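Here is what each chain is made of, one letter per residue.
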Amino acid sequence: MDLRFTDEEAAFRDEVRSFFKQNLPENIRRKMVEGKKIGKDDIVAWQRILNKKGWAVPHWAKEWGGTGWSPVKQYIFLDEMQQAPAPPPLQFGVQMVGPVIIAFGNEAQKKKFLPRIANIDDWWCQGFSEPGSGSDLASLKTTAKRVGGHYVVNGQKTWTTLAQYADWIFCLVRTDPESKKQQGISFLLIDMKTPGITVRPIQTIDGSREVNEVFFDDVKVPVENLVGEENKGWDYAKFLLGNERFGIARVGLSKERIRRLKELAAIERVGDRPLIEDERFRTKIAAVEIELKALEMTQLRVVAAARNGRGNKPDPASSILKIKGSEIQQTISELLFEVVGPYGLPYQPSQIEDDRVNEPPIGPDYAAPLAPTFFNWRKISIYGGSNEIQKNIIAKAILGL
Amino acid sequence: MDFELSEEQRLLKQSVERLLVDRYGFEQRTAYMKAPGGFSRALWKQYADLGVLALPFAEEDGGIGGGAVDVMIVMEALGRALVLEPYLATVVLAGGVLRHAGSQAQRASLIPKIADGGLILALAHAERQSRYDLADVATTAKRDGAGYVLDGAKGLVLHGDGADKLVVSARVAGKPRDRDGIALFLIDAKASGVSVRGYPTIDGLRAAEVTLSGVKVGAEGVIGEPGKALAVIERVVDEGMAALCAEAVGAMEVMHELTVDYLKTRRQFGVPIGNFQVLQHAAVDMLMATEQARSMAMLAAMMAEEPNAVERHKSIAAAKVQIGRSGRFVGKTATQLHGGIGMTMEYKVGHYFKRVTAIDVLFGDADHHLAAIAKMGGLLAAA
Numbered sequence: 025m026d027l028r029f030t031d032e033e034a035a036f037r038d039e040v041r042s043f044f045k046q047n048l049p050e051n052i053r054r055k056m057v058e059g060k061k062i063g064k065d066d067i068v069a070w071q072r073i074l075n076k077k078g079w080a081v082p083h084w085a086k087e088w089g090g091t092g093w094s095p096v097k098q099y100i101f102l103d104e105m106q107q108a109p110a111p112p113p114l115q116f117g118v119q120m121v122g123p124v125i126i127a128f129g130n131e132a133q134k135k136k137f138l139p140r141i142a143n144i145d146d147w148w149c150q151g152f153s154e155p156g157s158g159s160d161l162a163s164l165k166t167t168a169k170r171v172g173g174h175y176v177v178n179g180q181k182t183w184t185t186l187a188q189y190a191d192w193i194f195c196l197v198r199t200d201p202e203s204k205k206q207q208g209i210s211f212l213l214i215d216m217k218t219p220g221i222t223v224r225p226i227q228t229i230d231g232s233r234e235v236n237e238v239f240f241d242d243v244k245v246p247v248e249n250l251v252g253e254e255n256k257g258w259d260y261a262k263f264l265l266g267n268e269r270f271g272i273a274r275v276g277l278s279k280e281r282i283r284r285l286k287e288l289a290a291i292e293r294v295g296d297r298p299l300i301e302d303e304r305f306r307t308k309i310a311a312v313e314i315e316l317k318a319l320e321m322t323q324l325r326v327v328a329a330a331r332n333g334r335g336n337k338p339d340p341a342s343s344i345l346k347i348k349g350s351e352i353q354q355t356i357s358e359l360l361f362e363v364v365g366p367y368g369l370p371y372q373p374s375q376i377e378d379d380r381v382n383e384p385p386i387g388p389d390y391a392a393p394l395a396p397t398f399f400n401w402r403k404i405s406i407y408g409g410s411n412e413i414q415k416n417i418i419a420k421a422i423l424g425l
Numbered sequence: 003m004d005f006e007l008s009e010e011q012r013l014l015k016q017s018v019e020r021l022l023v024d025r026y027g028f029e030q031r032t033a034y035m036k037a038p039g040g041f042s043r044a045l046w047k048q049y050a051d052l053g054v055l056a057l058p059f060a061e062e063d064g065g066i067g068g069g070a071v072d073v074m075i076v077m078e079a080l081g082r083a084l085v086l087e088p089y090l091a092t093v094v095l096a097g098g099v100l101r102h103a104g105s106q107a108q109r110a111s112l113i114p115k116i117a118d119g120g121l122i123l124a125l126a127h128a129e130r131q132s133r134y135d136l137a138d139v140a141t142t143a144k145r146d147g148a149g150y151v152l153d154g155a156k157g158l159v160l161h162g163d164g165a166d167k168l169v170v171s172a173r174v175a176g177k178p179r180d181r182d183g184i185a186l187f188l189i190d191a192k193a194s195g196v197s198v199r200g201y202p203t204i205d206g207l208r209a210a211e212v213t214l215s216g217v218k219v220g221a222e223g224v225i226g227e228p229g230k231a232l233a234v235i236e237r238v239v240d241e242g243m244a245a246l247c248a249e250a251v252g253a254m255e256v257m258h259e260l261t262v263d264y265l266k267t268r269r270q271f272g273v274p275i276g277n278f279q280v281l282q283h284a285a286v287d288m289l290m291a292t293e294q295a296r297s298m299a300m301l302a303a304m305m306a307e308e309p310n311a312v313e314r315h316k317s318i319a320a321a322k323v324q325i326g327r328s329g330r331f332v333g334k335t336a337t338q339l340h341g342g343i344g345m346t347m348e349y350k351v352g353h354y355f356k357r358v359t360a361i362d363v364l365f366g367d368a369d370h371h372l373a374a375i376a377k378m379g380g381l382l383a384a385a
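Going down the list, the protein sequences come from chains X and D. For the first sequence, this note's numbering assigns the number 25 to the initial residue and increments by one for each residue that follows. For the second sequence, this note's numbering assigns the number 3 to the initial residue and increments by one for each residue that follows.
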């Protein structure tokens, strides 16, 4: 048992770190640190820098641009990227639909889509949730009826993140209304420019527009856009959701946020002392740091197990990553809000969204994003299977209850 | 980076676990508790036969040359079996003092005896007023020819009433809470002027209050450099905390297993109570707390040999915070989920709960270490 990285892994970490330092555009890095809005252009620009380096899709099969890195190196890469801090890769493409196409798509689909995903020539969004199908995803009602060489899609998806930018959407649709819930579902790739698709924004409590409703009204989708077999879509969705093991806890991001928290707590004052010297406040920070250290160790155990080829059987430790990771991120966002005290209250969306705003901020120039982020980050324990659903899964799959 | 056990370590784990499965049933444990000193001398001998008493000592001293991870493996197994024997007191704490500060002669005469099970030691360091401050030593050691005379009182000496010899801290200079001026001595538990008042602790183990009045120690009983002992004590206590973290993980594992089994077998309203989601989620919360604790116990073991004392201490203290919090949570939830049966002395789970609670208190509880880490600036540097 040994905590240290091998010389090769340590050298790799240094290489990655220095690449990020030299190549992450400063304006993007600054927005990340300050918690300001990262736009489509920022995400695309960064992804193309990575793609040029050959690091766009490290975890993919080598023939489609993967790097062949060990699980440990993949972990180091993501951790360093989160700490840089760089924008996270657009997960709907590289993390979700890409691996599904690699595993279950045909050659034509691979050739057509994969290189464009890696370079974000196509912006992808995810059409899973529906108004009546959240945690009970398999109850979804959007239908796809085979008519000649097409499926005709009707229904509604919701909580579709960044659909306003999307060129494509991957959807779970019901192709067999007769069979039981999980059977009868197919995995379709749909061009967002197809007639009959309407995107309507949903504003979230922080005031931002991340998510949307997407309506399908007699949308004709060519049958070649079916992934794998008809009525096997649920299996592919499970593969997709179980795919992410190394980034889900977002330990690197939380480390970066804690550093930011300490930086700001050293500037803010309570009485004649910096807030960071306030016993109650610093103890709260230390408590979340310890939780995070434990999570980092748990994450490393999962990564090491994957490296040793035990990655396919469920590791009890990996189930904890999403739940604990979300709780920690939420705690940190709450402390970051608390740092500025009453100056968390002025609501200044233009200070968050427009990085060339001329107006001076109200209060400290770092305050504006903190309260909105606290409210926005409540989503982390809801999306991708709420923490309660995660606990149901653990209870069943690991505890046998 | 590696979290796997080596082949040797796997064998060590298996052999200790096998012994304890055979010899540490609940009724057997209850019987051992009633023996003099509150533990089984026969089992102690078997630990010696397995080599675990020699484990952390250097080979040239008659040990096996194992590291903190090996101790972690043993302690986790001892935690699973809820053992009563003075492994922590003798091998990790007092033995740790000998390893880090004992003279060649002291090591040569004592370690082989520890290793073969013939010598029980205890560390008499804390005092009534010291709480968790390792520098708060009021017991005095005054020069007396080539040796010293000790006067004072030591409290919560783990296994102090079963020990043949005591490793005692006392002040040769300065005042309580000074970092300098502390020395360590080896005395016979039956030496003139030593009075030992043994008692059971809430977890079923043993401790003692030790009074020292005019206890004479010869030069050969001085351990390390007088006045400079605090660093040794801090190191040994860090190692002790790392060991306790592993023990607690073993105990938490068992509490979780017992609880999940109970949820599957206990029926109410016509179904196993494990069908109820509120209980399922509580069992998942126990699993998470246990796994987070396991992760930190591993960190503690791997950092126990870290040469930078500040980094070593911070990591182990952080682990102790996690273990304290996880242990209490798992213990309370296990008791709650068992309902009435969890409240009874005749059922195991409550004994595990008491042990993990005691572990939280020993050498500083979660609040103590959390505040200390916060005061040191936390674990991560500011941006």
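Simulated from the structure, these hints should not be mistaken for lab results. Since the structure is predicted, the reported quantities are computational estimates derived from the model, not experimental observations. Every residue, glycine too, gets a C-beta built ideally from N, C-alpha and C. Be aware that a few hints might be false.
Unchecked claim - To give a feel for the contact side, a few chain D residues facing chain X, derived at Cβ under 7 Å:
1) Leu-121
2) Ala-285
3) Glu-293
Which numbered hints does this structure break? 1
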